[in-house]
Every structure is written in structure tokens, then in C-alpha cells.
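So the sequence lines, in the order shown, correspond to chains A and B.
Take the first sequence: its position 3, counting from 1, is numbered 3 in the numbering used here, and each next residue is one higher.
Take the second sequence: its position 98, counting from 1, is numbered 98 in the numbering used here, and each next residue is one higher.
Calculated directly from the structure, the hints in this document are not laboratory data.
Heads up, a few of these hints could be off.
Straight-line Cα separation of at most 27 Å, DSSO-like style, residue types lysine-lysine; simulated pairs [claimed, not checked]:
| # | chain 1 | residue 1 | chain 2 | residue 2 |
| --- | --- | --- | --- | --- |
| 1 | A | 252 | A | 418 |
| 2 | A | 498 | A | 556 |
| 3 | A | 337 | A | 321 |
| 4 | A | 252 | A | 325 |
| 5 | A | 326 | B | 3 |
| 6 | B | 6 | A | 326 |
| 7 | B | 80 | B | 96 |
| 8 | A | 252 | B | 80 |
| 9 | A | 556 | B | 96 |
| 10 | A | 336 | A | 418 |
| 11 | A | 252 | A | 498 |
| 12 | A | 498 | A | 28 |
| 13 | A | 414 | A | 336 |
| 14 | A | 336 | A | 325 |
| 15 | A | 176 | A | 252 |
| 16 | A | 326 | A | 252 |
| 17 | A | 321 | B | 3 |
| 18 | A | 28 | A | 418 |
| 19 | A | 321 | B | 6 |
| 20 | A | 414 | A | 252 |
| 21 | A | 498 | A | 418 |
| 22 | A | 325 | A | 414 |
| 23 | B | 3 | A | 336 |
| 24 | B | 3 | A | 325 |
| 25 | B | 58 | B | 153 |
| 26 | B | 80 | A | 337 |
| 27 | A | 414 | A | 337 |
| 28 | A | 105 | A | 173 |
| 29 | A | 102 | A | 173 |
| 30 | A | 28 | A | 102 |
| 31 | A | 325 | B | 6 |
| 32 | A | 336 | A | 321 |
| 33 | A | 252 | B | 6 |
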Amino acid sequence: MEAIKKEYWKDKANKALGISPEDARITKSYLIVAFAAILVGGLLGLLQGMNRAGILELPVWLNYYKVLTAHGLLLVVVLSAFFTIGYFYAGLSHSLGGLLPKVRKMAWIGFWMKIFGFVLAVIPILQGDASVMYTFYPPMAAAPMFYIGLVFIVLGVWMLAFGAFINVANWRKNHKGQHIPISFFAMGVFVLLFFGSLPVAIEVLYIIPWAFGWIETINVMVSRTLFWAFGHTLVNIWYMTAISAWYVFVPKIIDGRRWSDLLTRIVVIALVIMNITGGFHHQIIDPGISESVKYMHVFMSLAIGFPSLMTAYAMFAVFEKTARKKGGRGLVGWYKKLPWGDVRFLAPFIAMAAFIPAGAGGIVQSTNQLNQVAHNTMWVVGHFHLTLGMTVVMTFFGVSYWLVPYVSGRVLTKEINKLGVIQTIVWTIGMVLMSGAMHWVGLLGSPRRTSYSTYFDNATALSWDPYLFFLAIGGTLLMIGVLLQVYAVFHMMFLAPKGETEFPVADVEEDATPTPMWTERWGLWIVLMIGLVSMAYVIPLVDFIVNAPPGSPPFKTW
Amino acid sequence: MHKAEKIWLTLSFGMIIGFMLITGYQAFAKDMGPPSYGERIDPQNVDETAPFDNPGVKQIGENEYEVIMTLQIFSFTPNKIEVPAGSTVHFTMTSKDVTHGFQVADTNINAMVMPGYISKITQTFDEPGEYLVLCNEYCGSGHQLMGTTITVK
Numbered sequence: 001m002e003a004i005k006k007e008y009w010k011d012k013a014n015k016a017l018g019i020s021p022e023d024a025r026i027t028k029s030y031l032i033v034a035f036a037a038i039l040v041g042g043l044l045g046l047l048q049g050m051n052r053a054g055i056l057e058l059p060v061w062l063n064y065y066k067v068l069t070a071h072g073l074l075l076v077v078v079l080s081a082f083f084t085i086g087y088f089y090a091g092l093s094h095s096l097g098g099l100l101p102k103v104r105k106m107a108w109i110g111f112w113m114k115i116f117g118f119v120l121a122v123i124p125i126l127q128g129d130a131s132v133m134y135t136f137y138p139p140m141a142a143a144p145m146f147y148i149g150l151v152f153i154v155l156g157v158w159m160l161a162f163g164a165f166i167n168v169a170n171w172r173k174n175h176k177g178q179h180i181p182i183s184f185f186a187m188g189v190f191v192l193l194f195f196g197s198l199p200v201a202i203e204v205l206y207i208i209p210w211a212f213g214w215i216e217t218i219n220v221m222v223s224r225t226l227f228w229a230f231g232h233t234l235v236n237i238w239y240m241t242a243i244s245a246w247y248v249f250v251p252k253i254i255d256g257r258r259w260s261d262l263l264t265r266i267v268v269i270a271l272v273i274m275n276i277t278g279g280f281h282h283q284i285i286d287p288g289i290s291e292s293v294k295y296m297h298v299f300m301s302l303a304i305g306f307p308s309l310m311t312a313y314a315m316f317a318v319f320e321k322t323a324r325k326k327g328g329r330g331l332v333g334w335y336k337k338l339p340w341g342d343v344r345f346l347a348p349f350i351a352m353a354a355f356i357p358a359g360a361g362g363i364v365q366s367t368n369q370l371n372q373v374a375h376n377t378m379w380v381v382g383h384f385h386l387t388l389g390m391t392v393v394m395t396f397f398g399v400s401y402w403l404v405p406y407v408s409g410r411v412l413t414k415e416i417n418k419l420g421v422i423q424t425i426v427w428t429i430g431m432v433l434m435s436g437a438m439h440w441v442g443l444l445g446s447p448r449r450t451s452y453s454t455y456f457d458n459a460t461a462l463s464w465d466p467y468l469f470f471l472a473i474g475g476t477l478l479m480i481g482v483l484l485q486v487y488a489v490f491h492m493m494f495l496a497p498k499g500e501t502e503f504p505v506a507d508v509e510e511d512a513t514p515t516p517m518w519t520e521r522w523g524l525w526i527v528l529m530i531g532l533v534s535m536a537y538v539i540p541l542v543d544f545i546v547n548a549p550p551g552s553p554p555f556k557t558w
Numbered sequence: 001m002h003k004a005e006k007i008w009l010t011l012s013f014g015m016i017i018g019f020m021l022i023t024g025y026q027a028f029a030k031d032m033g034p035p036s037y038g039e040r041i042d043p044q045n046v047d048e049t050a051p052f053d054n055p056g057v058k059q060i061g062e063n064e065y066e067v068i069m070t071l072q073i074f075s076f077t078p079n080k081i082e083v084p085a086g087s088t089v090h091f092t093m094t095s096k097d098v099t100h101g102f103q104v105a106d107t108n109i110n111a112m113v114m115p116g117y118i119s120k121i122t123q124t125f126d127e128p129g130e131y132l133v134l135c136n137e138y139c140g141s142g143h144q145l146m147g148t149t150i151t152v153k
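One chain only, chain A, in its complex shape (with noise of 0.2 Å):
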């Protein structure tokens, strides 16, 4: 009891001293490079959008695969890796009195690492040297430099990785017995970025020599798997960082308390040990894996959905307590007592909305037959836009509006909350339209990583047009939405009025039994962790290695 006592004066103490600025600085650079890449990203995908309905011709220096190298690394890759760690660096130094001057130094150090690993990588892609996608499958193979740039990125995100660690072990040296919500997510996260950029880091180094035709020959298949444990590991943790909002701010910005803090704690720590061998599902329809393996790894991959619809049901028992306790009345007319003129609440509850058909998809797709409709057609490019352009996103911009005027020192103007509601129902429809007609082309047969064509005047492929139409317009919308965005930060980073905006974590229940300290036993949760890869990965590792066919060279096929 003294403890708590304790930890809500420092808390208060916290909330009246705000930020140091040491520490907003560091959340600052990582959140204008964020939305920076978001700016750019999101020109690159209207472009594609636009050649894909067949209305835009793009010229020769400016080729579909180079921008959609572009897209694809920059949002997936540059906006949610500098988004993710802005934010819960925020969290860290909020909620744990404020980041240590190493830790400092190394988030610093990792900013840096990965703006240069960045800019190599980017000018061979600008050269036209790099045109692999953010998949960069071998054999094909792109500049040395391009691989180079990667090795800095993983590096600097270890960085990171290392200074959340080292943070969060010197405060529980010194807080014995207590529990902070957000810096668990954090933990979670960091501890996922670390274990799953480790294959891609092997991958890229096992990559470096043969692009520099050192060695002559690649395993294709081993280098594949190696990216898939990172990549689809890499999409979850971005779904990770959104559902820490969900969890931890979301609560009080309606007036509520946090859910149970311990089975929140279950959904992390599930998250955590079962995420990297989700990776292995898309490579369902891959040869060389026996059936009985990917099966192994459809159930793997499912296993995921459990802690989801964990979620959901936190998620929606919160709002309806809440909005009970405002006096909201009926089976669902409570919803009328939710603040939905908040775009911080706003945001992430249409985010986490779209996780219910985004979430029943990915579970359609991961499934050995199912997958087979659906691998590599349009329908995956429409799910991981509902996933990552809407529930992730989405929750990102909703933090954004507390975010930003938080580390800034300002305060979120009534105008800037409008055009936030605008930029939501905005980017809603421009998402919904565009990945609904994604999925629908998808599974007639278009297929994704294609730039427009018709086969020939195929009859097949020009009856897809019509559906291909809604990219360009859904993009158009999505591009207003970008701008909204990007200039609603703008105005909160540099231009709104000086003042204190809080840092919104919400309180337990006040009947709320105490956490048990076995949810705190990292060191378990990774030796799990590390348990399950290894028996996803080790049996068709050893296979693919053992049994490998003749390698391949190096081949530059664009």
C-alpha cells in the first residue's frame, strides 16, 4: 500500500514537471521522421494507386518497383519503427522518472545508426540498383550498399532495443514490487524486436558477401525463412505498440479505469512467446515443406488469434463500464455516453473496429488452404492495409493528438481536434473503400506486386479494372488524409498554444487485486519463446539446409 502511495506522488510529481526536455527532444526527432515518411510514403502510394486503376503511366526513371520499394520501406519499415520507439521512449521516461543519461545517449546513438543505415539504403533503391521490394528475396539481388544500410538499421533498433532494457532493469532495482503498464508493452515490444530482427540480421549478413559475388551461391529457401521470422514478427510488434494504447491511455481518455492489469499482462506475455513462428504462414504454398510441417505452423500461426479476442473482449467491457458509469442506459445504448467528438478516442476506436474483419482475415489467409485463394493476390495487400493502414496507423495518428502537444510543451486546440475528426472519417473511407475492393480483386485473381496490366487484353484481367478504379480514389483520400495529418502534427509540434498536456495513463479498478510479481519473469518468457521458434524453425531449417539444392547466383532482373 505504501508503495502505491509512493508511486502516485511521484506520478503527480511527474505530471506537474511534464517532459524533460531532454527527453521530449529524442520523442520529437523519432515522431518528425515518423510522419516525414508518412508525407513521402504516402505520395509513393498514391502513385501506385493511381497506376494500378490504369489512369497513371509512370515514367521510366520513376518505375512501379522502385517506388513501391519506396512505399514499402519507408511505412512499413521507417514510419512504425520511429514511431513505435518516439512513443514508448515517451512512456519510459513518463513513467520511470525520466530516461537515464546512457540510455539517452544510446537512443541517440540508434537514431542515427538508423538514419544513415536509411540513406544507403535508399540510394541505390533512387538509383534504381534496388528495385527487390522490402523482401528482397534472393536471388535477386540488389547493390551491396542497399544490404549495408539494413545492417545499420537492425543495429540501431538494437540500440533501442538495449537502452528500454537497460532503463527498465535499473528502475525495478529500485522499485522493488511495483508494476508500470506502459513500460510492459514496452518491454514486450522491445524484446520482439530484438529476437525477431536477429534471422533477418543473419539473413543480411549471409547476404552481404554474395551480393559482393565473394561467394558464389545463395540458399534461397533458408534466406527466405530467415525473412519471414523477422517480417511477420515485425507487423505484429507494430500491433503491439497499438493495442499498448488500447490498453493503457484509450481507458482514461473516456473517463475509465484500465482493464485487469494482470490479464493484460496474459495477452503481452502471449504476444511475446508465440509471435516470431507466425512468420513460417507465408510460406504455405512454398515447395520443399511438408504438409504436416506447415500444419504445425498453421496452428502456430492461429495461436495468435487468442490473445486478439482477449483484447476484444478488454476492449469492449472497458467502454461499456465506462460509459455505464456516465449513466449510459440499454444493451448498446451506453455507446451514446462515449466522447466520440474526441479524435483521441475516435481514432483508435475505429482502429480497433477494423481488427475485426482485418483480424478474421489474416486468420482466413494463414490457414493452409485458404491461403492458397489468397497468397500473393490482392487480397493480402487490402488485409495488411486494414491491419497495419487502420488499426496500427490509426491508433498511432489518436496518440499523435496527445502525443505530440505532450513532448512540445502545447496543448491540443479545439480547431486541431476538428480537423482530427475530419482526417479520421477521411482516412476511414479511403481505407475501407481501397482494401475492400483489394480484397475483392484478390480473390478474382489479381495479383499484388504487379504494376498495371492486362494480360494481353486478357478477358480475365480487364474485367479487374473496375475494382482497381477504387485504389485510385481510395488513395486519393487517403492521400487528404496524410496531409490532414501530417499538418494537424505540424501544428501541435511547433504552432499551438504553450500549455501542459498530460500524459493519459489510466488507473486500475479501484477494487483491483495487486498484480503477481511471475508476470515480471522475463527471463521465462523469452527461454518460452526461444522454446517455441525452435521448434518451429529448427526441424525445416536443419531440412533446408542439410537437403539444399545447388545454390543460386545473384541475379538483377530489373
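Guided by the hints, dock chain B onto chain A, whose structure is given.
Same frame as chain A, but now just chain B:
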């Protein structure tokens, strides 16, 4: 934990397990599993390796055909395949360069075709018509042109 939540989680768990059981039944009892053939090949000597030294369409039974196919940037060999309606076609494929995808619109044919591996997939074409075949894994600057047709008469 609230009783309603216990019910919800039990249903969730049951749903996922049910999904798995149906998938498993279809894959193993009904033989509807995804293409998973395991044989390896030297990707740099595809043209010299049987059966790919002689790609083409071969009739192997009544209403049964085998297609030996190589995929390379940005084409299928053989292309413009023709089979009678009602035929069961067994595709045996490999790639001579980068990773390709083999997809036939309006069917469930969808397989990755990778250098070093042989992919196999079977389909019965009951409906006459012209089926669009396309590569659905990005393979280079001409990827959007990598298409052909299967005509079922």
C-alpha cells in the same frame, strides 16, 4: 475473471480449434493440402535435368495430362496450353532464375516456383474457357507481362 469473459474465451478457443480441425481434415483426409512437393534440382542446370530437358504437355491417361514447365523471366515454357474439358492436369514446375509464382485465375491453382525446388500442383478443368495464367511473385521489370493462358475446350 467475469463469467461472460470465460464464455467468450471458451468460444474463442473452440472457434480456433474448430478451424484447425476442419483445416486438418481437409488437408489430410480430403487431400486438399497446399502444394508441398519436396524434390530439389540444380537451378543452374534446369535445361539439362530430366524432366525439364523436355518441357511440354504430355497425355498420360484418359483425360489426364502432365505439364512439365519451366518459369523464367518473364515467361512460361510451354505457354498457351490447350486441354479438353474435364481433364485433370498435373503441373510439374521449376524456376530457372528468381522466385516466381504460378497462379491460374478462377481456379485454386497457386504455387510458389523457386529456383532449386520442384513444385507440383494438380487441377481438374471442368468448365471450358480461357484461363489466365500469371506470375504472382514480383520477379523484375517485366513481371507484369509474365502471363499466358490455358484454353479448355
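Any hints this thing doesn't respect? Which numbers, in order?
Violated: hints 2, 8 and 26.
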